[in-house]
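Chains as they are written, first to last, in this note's numbering: chain A, 5 to 140; chain B, 2 to 139.
Since the hints were derived computationally from the structure, they do not count as laboratory data. No residue lacks a Cβ here, since even glycine has one placed at the ideal position from N, Cα and C. Each hint should be verified, as a subset may be incorrect.
As the list claims (entries may be wrong) - Pulled a few chain A residues facing chain B out of the computed Cβ check, cut under 7 Å:
no.	residue
1	S10
2	L11
3	G44
4	W48
5	L54
6	L66
7	A67
8	G69
9	A70
10	P79
11	F88
Chain by chain, the residues run as shown.
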Amino acid sequence: MIDWQSLTGGLLIGLACSAYLILDGRIAGISGILGRTLGGKNIWPGAALLLGLAAGPVLWRLATGAWPDMTVSAPWPLLLISGFLVGFGTRLGSGCTSGHGVLGLARLSRRSLVAVICFLGTGVITATLLPFLTGK
Amino acid sequence: MAIRTLVAFLCGLVFSFGLILGGMLNPATVLGFLNLAGHWNPSLLFVLGGAVCLTFCGVRLQRHLSRPVFETTFQLPTARQIDWPLMAGSCLFGLGWGLAGFCPGPAVASLLMGHWQSLVFLLGLIGGMKAFALWKPI
Chain A
5 MIDWQSLTGG LLIGLACSAY LILDGRIAGI SGILGRTLGG KNIWPGAALL
55 LGLAAGPVLW RLATGAWPDM TVSAPWPLLL ISGFLVGFGT RLGSGCTSGH
105 GVLGLARLSR RSLVAVICFL GTGVITATLL PFLTGK
Chain B
2 MAIRTLVAFL CGLVFSFGLI LGGMLNPATV LGFLNLAGHW NPSLLFVLGG
52 AVCLTFCGVR LQRHLSRPVF ETTFQLPTAR QIDWPLMAGS CLFGLGWGLA
102 GFCPGPAVAS LLMGHWQSLV FLLGLIGGMK AFALWKPI
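Produce the entire structure from the sequences given, and follow the hints as far as they go.
See below:
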């Protein structure tokens with residue numbers, strides 16, 4: 005069974021990554037762009053990409069009249085810890101789902117394949133075990 | 002300068018629409034995919050599959066170009082070695098990803114939606130990146 009809506013979403017992400025690569029010559033890896041923007045060096049056009057990313061749901065709301073679905077179940081201390089691990093981990097590992105997962109795999113990078121196996125593996129283990137540990 | 006910035010903004014916008022349409026903006030969908038013991042939701046496979054396939058074509062096209070359309074040179078990663086920072090960092094990222102279902106793209110994209118959870122996650126994210134910069138100034 006093909007999930008056409010998710011596939012269309014994926015194709016749009018691929019279109020954005022390809023266009024950024026071909027037109028601006030850069031990798032649309034969000035953690036890398038975020039890290040460089042926070043570091044304050046050569047922030048454009050990375051900062052513009054982040055602004056476009058944040059503007060998406062606002063335009064979506066203007067067009068459809070409703071915000072996209074979003075449910076967050078984690079309590080705030082867990083969100084803070086999770087954010088810290090994602091921030092530190094993506095800088096140490098040089099990428100996240102977009103940089104390694106989309107562009108790295110598309111560029112047939114062995115480094116990115118290893119990164120994806122590591123973060124998908126630990127992500128699956130964590131998300132599968134957490135409900136047992138917290139009793140939810 | 003201006004055209005490159007506009008292109009980047011539009012790429013971010015299209016990326017964002019992709020995240021929304023694919024359901025990846027929603028941490029509940031992401032956890033539904035990562036949690037194998039729950040009601041498994043495979044939709045992320047289609048998001049990632051579609052994104053990688055189209056980008057693969059984009060990369061083929063890019064390799065035929067001597068320079069980007071609006072820039073003088075391509076700025077691509079050059080590292081090749083598979084080392085401990087790559088693996089340890091990716092494992093830490095996966096651990097954080099599995100705890101709440103947020104990764105950097107969706108976290109930034111959901112910033113203006115009015116959920117306090119995105120802000121708390123982003124505070125942690127910025128803290129983690131700053132901690133890395135202090136630990137290893139590059």
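query = Minimum Cβ distance from G69(A) to chain B below 7 Å?
reply = Constraint on G69(A) not satisfied, violated at 14 Å.
task = Closer than 7 Å between Cβ atoms is the bar; does S10(A) clear it against chain B? Give me holds or violated.
result = Status holds, d = 4 Å.
request  = Let me know if the C-beta of W48(A) comes in closer than 7 Å to any C-beta of chain B, holds or violated.
outcome  = 5 Å, holds
Chain B contact restraint on P79(A) - CB to CB distance below 7 Å = 9 Å, violated
ask   = Does the nearest C-beta of chain B fall within a distance shorter than 7 Å of the C-beta of L54(A)?
value = Interface hint status for L54(A): holds (5 Å vs cutoff 7 Å).
query = Given A67(A) as an interface hint, is the shortest Cβ-Cβ distance to chain B below 7 Å?
reply = Cβ of A67(A) sits 10 Å from chain B, so the hint is violated.
task = Against chain B, run the beta carbon of F88(A) and see if the smallest gap drops under 7 Å.
result = 4 Å, holds
Restraint satisfaction for L11(A) [CB to CB of chain B, less than 7 Å] = 4 Å, holds
task = Verify the interface restraint on A70(A): the C-beta must sit less than 7 Å from at least one C-beta of chain B.
result = 11 Å, violated
query = Does L66(A) pass the interface check with chain B, least Cβ-Cβ distance below 7 Å?
reply = Hint violated; L66(A) Cβ to chain B Cβ min 12 Å, cut 7 Å.
inquiry  = For the restraint on G44(A), tell me whether the closest CB of chain B is nearer than 7 Å.
reply    = 11 Å, violated
Taken one by one, the earlier hints fail for this structure at numbers 3, 6, 7, 8, 9 and 10, listed in ascending order.
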